[in-house]
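Enquirer: Listed below are the residues making up each chain.
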Amino acid sequence: GESVGLHLPTLSVQEGDNSIINCAYSNSASDYFIWYKQESGKGPQFIIDIRSNMDKRQGQRVTVLLNKTVKHLSLQIAATQPGDSAVYFCAERGGSYIPTFGRGTSLIVHP
Amino acid sequence: DTAVSQTPKYLVTQMGNDKSIKCEQNLGHDTMYWYKQDSKKFLKIMFSYNNKELIINETVPNRFSPKSPDKAHLNLHINSLELGDSAVYFCASSQNENTEAFFGQGTRLTVV
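Those protein sequences? They're chains G and Z, same order as listed. Our numbering applies: residue 1 is where the first sequence begins, and numbers increase by one. Our numbering applies: residue 1001 is where the second sequence begins, and numbers increase by one.
If you are wondering where the hints come from, they were derived from the structure by calculation, not from laboratory data. Worth double-checking, as some hints may not be accurate.
Unchecked claim - Examples of chain G residues toward chain Z, derived with CB under 7 Å:
hint : residue
1    : Gly16
2    : Gly43
3    : Val87
Remember, predicted model here, so these are calculated numbers, not experimental data. Quick reminder that beta carbons are idealized off the backbone N, C-alpha and C, glycines included.
Work out the full structure, taking the sequences as your base and the hints as a guide.
Expert: Quick look at the structure:
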């Protein structure tokens, strides 16, 4: 979930389980949100995005939920696979032209 | 075809040296970025270029300077390197400010 302190939050799940990764944002003006996946040794890769006029958006095995009231974003991964192991970042864009990244959550999928 | 490519992938250099990291995108995007990722995986924006003009410049040391010879390239020059500059630097591009960014593979800079 949301990063607290100096450690990267970690979520450990069993293969086949559903995973939920949470993200809180602070900018009420943010109107565009993106989830990225970063595998070891690689750059962040786009997973799914959502705009502020939506509450939910679904992709292949992934769903993003947006709760603007509490400024909360979540990424749900269905039937998590070992290949989903990575660091997941939420990013928000609003006001400025650039996406601001959250701290990241490390997802570990155990076979 | 690599969408966003940056070179070199690894860079080890001594304190005080000047170095450059190159970035090219073949996506026809209008906006390019440089990010710094620290050892705790935090991604911090450094620069953003839109149509060759700097539109955002975070409070990074002026030893860092972006250079954009054309819309497809955004190079990062670093003068007088310091130990604290050691990090992974990512280049990225997006069609505009309202679309997702595509990232390069990163350049791991180690200053010794």
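Enquirer: Compare the structure with each hint and give your call.
Expert: We went through each hint and held it up to the structure:
1. Taking 7 Å as the C-beta contact cut-off toward chain Z, the hint placing G:Gly16 at the interface is violated, the least distance being around 26 Å.
2. Here the hint on G:Gly43 is kept, as its CB sits about 3 Å from the closest CB of chain Z, short of 7 Å.
3. Interface restraint check: G:Val87 against chain Z, minimum CB-CB distance 6 Å, threshold 7 Å, status holds.
Of the numbered hints stated above, the single one contradicted by the structure is hint 1.
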